[in-house]
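A.B. asks: Residue-level listing of the chains:
There are 2 protein chains.
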Amino acid sequence: MKRSRRDFLGMLGGAAALPLAARSELVNPTGYSRAAQASGERKVGYGIVGLGRISMGQFMPGVRISQRSKIVALVSGHRDKAERMAGRYGVSTQSVYNYENFEEIAHNQEVDALYIALPNGMHSEYTIRGAKAGKHVLCEKPMASSVAECEQMIAACRAAGRKLMIAYRCQLEPTNLRAIELIKQGYVGTVESIHSADGFNISPGEWRLNKKMAGGGPMMDVGIYSLEACCYLTGEVPVEVSGISSVIDHDGRFQEVEENLVWTMRFPSGIITTCQTSYGSELGNTFHVSGSKGWMDADPAFIYEGLHLRAKGNGAAIDQPTDDPSPRQFARQADHFADCILENHEPKTPGELGLRDMRLIELIYRSCQEGRPVKVS
Amino acid sequence: MKRSRRDFLGMLGGAAALPLAARSELVNPTGYSRAAQASGERKVGYGIVGLGRISMGQFMPGVRISQRSKIVALVSGHRDKAERMAGRYGVSTQSVYNYENFEEIAHNQEVDALYIALPNGMHSEYTIRGAKAGKHVLCEKPMASSVAECEQMIAACRAAGRKLMIAYRCQLEPTNLRAIELIKQGYVGTVESIHSADGFNISPGEWRLNKKMAGGGPMMDVGIYSLEACCYLTGEVPVEVSGISSVIDHDGRFQEVEENLVWTMRFPSGIITTCQTSYGSELGNTFHVSGSKGWMDADPAFIYEGLHLRAKGNGAAIDQPTDDPSPRQFARQADHFADCILENHEPKTPGELGLRDMRLIELIYRSCQEGRPVKVS
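Sequence order for the protein chains is A and B. Going by our numbering, the first residue of the first sequence is number 1, and it counts up by one from there. Going by our numbering, the first residue of the second sequence is number 1, and it counts up by one from there.
To be clear, the hints were calculated from the coordinates, so they are not data collected in a lab. You may find that some hints are simply not true.
[To be verified] Below, in silico cross-link-like pairs of lysine to aspartate or glutamate (DMTMM-like), each with a Cα-Cα straight-line distance of 25 Å or less: (1) Lys375/A with Asp249/B; (2) Lys184/B with Asp251/A; (3) Lys184/B with Asp249/A; (4) Lys293/B with Glu151/A; (5) Lys293/A with Glu362/B; (6) Lys132/B with Glu104/B; (7) Lys184/A with Asp249/B; (8) Lys375/B with Asp299/A; (9) Lys293/B with Asp249/A; (10) Lys293/A with Glu206/B; (11) Lys70/B with Glu110/B; (12) Lys293/A with Glu104/B; (13) Lys375/A with Glu181/B; (14) Lys293/B with Glu206/A; (15) Lys293/B with Glu181/B; (16) Lys81/A with Glu103/A; (17) Lys375/B with Glu206/A; (18) Lys70/B with Asp324/B; (19) Lys211/B with Asp251/B; (20) Lys375/A with Glu370/B; (21) Lys211/A with Glu362/A; (22) Lys132/A with Glu104/A; (23) Lys375/B with Asp249/A; (24) Lys132/B with Glu110/B; (25) Lys184/A with Asp324/B; (26) Lys293/A with Glu256/B; (27) Lys375/A with Glu362/B; (28) Lys293/B with Glu256/A; (29) Lys375/B with Glu151/B; (30) Lys375/B with Glu240/B; (31) Lys375/B with Glu151/A; (32) Lys293/B with Asp299/A; (33) Lys184/A with Asp319/A; (34) Lys293/A with Asp249/B.
[Said to hold, decoys possible] Quick list of the computed label-pair ranges, beta carbon to beta carbon: (35) Arg366/A with Glu206/B: 23 to 29 Å; (36) Glu236/B with Glu104/A: 57 to 63 Å; (37) Ala317/B with Lys212/A: 37 to 43 Å; (38) Lys212/A with Pro204/B: 54 to 60 Å; (39) Asn98/B with Gly315/A: 45 to 51 Å; (40) Val239/A with Gln255/B: 21 to 27 Å.
Think of the CB as a built atom: it goes at the ideal place given N, C-alpha and C, for glycine as much as any other residue.
Taking the hints into account, I'd like the entire structure generated from these sequences.
C.D. replies: Structure below.
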């Protein structure tokens with residue numbers, strides 16, 4: 001029932017080992033890029049900033065199976081790795097940058113947008129430098145380490161006339177979209193409460209355990225999925241949050257960030273939610289919506305593939321995994337932002353949404369510190 | 001995955017319709033009454049106080065398949081119903097009482113103990129009157145409507161030299177006992193957090209919606225299972241509780257008691273828990289324990305049969321329903337108290353435990369009212 005991060009990464013390793021031709025069969029040609037089907041021509045060129053697990057293991061393979069996106073530049077502190085990836089993705093070595101000559105990317109006309117996949121603490125700097133270099137920015141979640149940084153990022157992109165999207169792929173993902181739609185249609189009646197959890201047992205030595213790099217602990221990294229879900233499933237923003245955090249397992253991992261955090265939220269309509277996150281135990285990634293006429297479970301709810309919705313309410317019972325293999329969520333995300341750029345739309349998950357969540361996260365942390373619920377003003 | 005109360009009651013209807021001979025085959029002759037196997041003779045005589053769903057549908061059928069318990073008297077305001085049940089259980093009509101002549105039960109030497117299955121608001125009165133009549137008392141949960149009542153009940157039983165047990169059957173039930181034992185053995189490593197939920201969509205007109213009869217809403221009635229579970233699974237008592245309650249569905253049911261309540265608890269070792277309860281939506285009845293080395297789920301966790309434990313941690317993975325058909329939990333409970341009476345033990349779930357939980361419930365309600373966490377002193 002619960003799938004550990006380890007199981008999941010192992011599974012991805014298996015998928016990544018498929019030959020390209022086999023992987024391309026996984027692509028569903030419909031649904032995720034209306035514009036691409038209409039024109040089929042112009043692709044948005046992405047510069048990848050940061051070559052870590054998510055960019056190399058998910059986003060770049062996702063772009064490869066996308067319809068309107070392509071990889072045209074790389075930014076990395078590791079020249080060898082960057083050249084290896086450049087070779088794999090057909091990127092010219094002249095389009096491989098490092099963090100010192102990053103600004104030269106401004107002169108690379110192939111690069112429309114940057115995908116920022118650096119440690120959280122570097123998101124704001126490279127979003128701002130990217131916008132100043134004239135590029136649109138798709139920034140990984142969490143948007144940054146603080147509300148102040150989020151505000152600066154939004155201001156920089158606005159000043160440069162560039163678009164800013166936060167990589168909240170779940171808001172483009174079929175299981176989560178179906179859940180939102182079913183709730184809107186009244187499948188569970190009136191939503192009464194939601195529980196959501198996301199957490200895993202982190203390996204020692206990860207940058208995520210460094211406060212300066214990560215901005216915070218599991219709340220910033222994966223708790224944000226539960227926070228987001230409570231908002232998009234209800235269509236509301238909480239009016240009050242209350243949290244408790246703890247460090248139990250004194251094995252040296254948790255010198256700087258929390259190990260566990262649980263929090264509750266009260267929403268304007270009276271909906272109340274409980275959420276859990278952890279770097280010290282396997283919580284899986286789930287939500288459970290309870291309504292006056294039924295319930296809805298997603299387990300897993302937020303990971304890269306294999307999402308599974310179960311529900312019983314107004315209408316036929318639902319018990320079905322979503323056929324949406326990795327890295328399709330990332331292909332969809334790249335193409336959504338490409339559509340926004342090419343058709344001059346605002347992204348579905350703009351910087352303002354990342355800022356809203358960062359405000360909520362700061363309030364949850366404040367609640368933990370002050371030992372009291374905090375109103376959302 | 002979730003089973004509604006309605007599904008469940010339907011299922012019980014089916015089991016109750018079995019002929020007695022077939023039902024007696026459901027009895028496991030080992031395990032739940034050590035003393036009965038040793039002597040096999042003397043049975044404890046129960047007087048049933050209150051002929052409602054739980055006594056007629058569960059406890060009395062449970063006593064019928066028990067080893068050391070028998071039904072010898074009935075107390076009810078409905079003479080017809082009482083005489084019908086007396087006939088079914090072989091109780092003399094002279095041993096049928098009402099709430100006016102209740103004290104006469106003192107002279108009935110067959111009655112060792114009373115099973116109090118009245119609305120919560122009447123538990124204290126009949127426990128105290130029962131103790132004064134010289135009877136031991138097995139009282140349904142929640143113990144009463146207030147801490148003050150619980151204290152009076154304990155004092156009355158102590159003054160009368162009678163035993164007092166609260167009907168927390170989960171603490172005698174195999175799935176919950178196995179979970180406790182596995183956690184003690186380190187199966188999930190260090191427990192980090194727990195989530196537990198128990199709630200259902202209540203029918204209009206139930207006495208549970210009347211504050212005076214019920215003492216409170218779903219927190220008192222079913223949230224108490226989650227509260228208890230967080231304590232017996234961790235072996236700890238919380239040091240702080242924080243709750244939010246809400247009424248959303250203004251259909252007239254929730255004039256006096258809360259509709260939904262979620263709460264968090266902080267335990268001395270750093271364990272943090274989230275719990276949900278509701279009378280306005282189907283939450284099922286579950287717990288999920290997250291530890292440093294694994295996790296453990298019970299779903300359902302607290303209902304009368306079909307409990308199902310899933311776990312992955314140190315040792316073989318577990319995915320197994322418990323073969324413990326209704327009404328065996330009630331048979332086990334009746335026999336445990338019978339053992340206590342015959343062998344002069346203290347019950348595993350004495351009045352002091354009911355009092356502890358009532359204190360916690362009052363603090364959770366206070367936290368909801370005052371909008372702040374409350375320390376457990």
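A.B. asks: It remains to establish, for every hint, whether it holds in the given structure.
C.D. replies: Evaluated hints:
1. Lys375/A with Asp249/B: Roughly 24 Å between the alpha carbons, so the hint for Lys375/A and Asp249/B holds.
2. Lys184/B with Asp251/A: At roughly 20 Å apart (the allowed maximum being 25 Å), Asp251/A and Lys184/B satisfy the hint.
3. Lys184/B with Asp249/A: 17 Å, holds
4. Lys293/B with Glu151/A: With Cα atoms ~40 Å apart, Lys293/B and Glu151/A exceed 25 Å; violated.
5. Lys293/A with Glu362/B: 30 Å, violated
6. Lys132/B with Glu104/B: 11 Å, holds
7. Lys184/A with Asp249/B: 17 Å, holds
8. Lys375/B with Asp299/A: 34 Å, violated
9. Lys293/B with Asp249/A: 11 Å, holds
10. Lys293/A with Glu206/B: Within the cut-off at roughly 19 Å; holds.
11. Lys70/B with Glu110/B: 10 Å, holds
12. Lys293/A with Glu104/B: 48 Å, violated
13. Lys375/A with Glu181/B: Between Lys375/A and Glu181/B the Cα gap is close to 41 Å, so the pair fails against 25 Å, i.e. violated.
14. Lys293/B with Glu206/A: Measuring from Cα to Cα gives roughly 19 Å; hence the hint holds.
15. Lys293/B with Glu181/B: Holds: Lys293/B and Glu181/B sit about 16 Å apart, inside 25 Å.
16. Lys81/A with Glu103/A: Answer holds: Lys81/A to Glu103/A is near 20 Å, not above 25 Å.
17. Lys375/B with Glu206/A: Violated, because 35 Å separates the two Cα atoms, which is more than 25 Å.
18. Lys70/B with Asp324/B: 21 Å, holds
19. Lys211/B with Asp251/B: 17 Å, holds
20. Lys375/A with Glu370/B: 14 Å, holds
21. Lys211/A with Glu362/A: 14 Å, holds
22. Lys132/A with Glu104/A: 11 Å, holds
23. Lys375/B with Asp249/A: 24 Å, holds
24. Lys132/B with Glu110/B: Holds, at about 16 Å.
25. Lys184/A with Asp324/B: Answer violated: Lys184/A to Asp324/B is near 40 Å, above 25 Å.
26. Lys293/A with Glu256/B: 22 Å, holds
27. Lys375/A with Glu362/B: Holds, at roughly 24 Å.
28. Lys293/B with Glu256/A: 22 Å, holds
29. Lys375/B with Glu151/B: 21 Å, holds
30. Lys375/B with Glu240/B: 4 Å, holds
31. Lys375/B with Glu151/A: 37 Å, violated
32. Lys293/B with Asp299/A: Holds, at roughly 20 Å.
33. Lys184/A with Asp319/A: The hint holds at about 19 Å.
34. Lys293/A with Asp249/B: Status holds; Cα separation ~11 Å.
35. Arg366/A with Glu206/B: 23 to 29 Å: 41 Å, violated
36. Glu236/B with Glu104/A: 57 to 63 Å: Taking Cβ atoms as reference, Glu236/B and Glu104/A lie about 59 Å apart, which means the hint holds.
37. Ala317/B with Lys212/A: 37 to 43 Å: About 39 Å separates the Cβ atoms of Ala317/B and Lys212/A, which means 37 to 43 Å holds.
38. Lys212/A with Pro204/B: 54 to 60 Å: Given range 54 to 60 Å: holds, Cβ gap about 57 Å.
39. Asn98/B with Gly315/A: 45 to 51 Å: 49 Å, holds
40. Val239/A with Gln255/B: 21 to 27 Å: 24 Å, holds
Of the numbered hints given earlier, the model fails hints 4, 5, 8, 12, 13, 17, 25, 31 and 35; all others are met.
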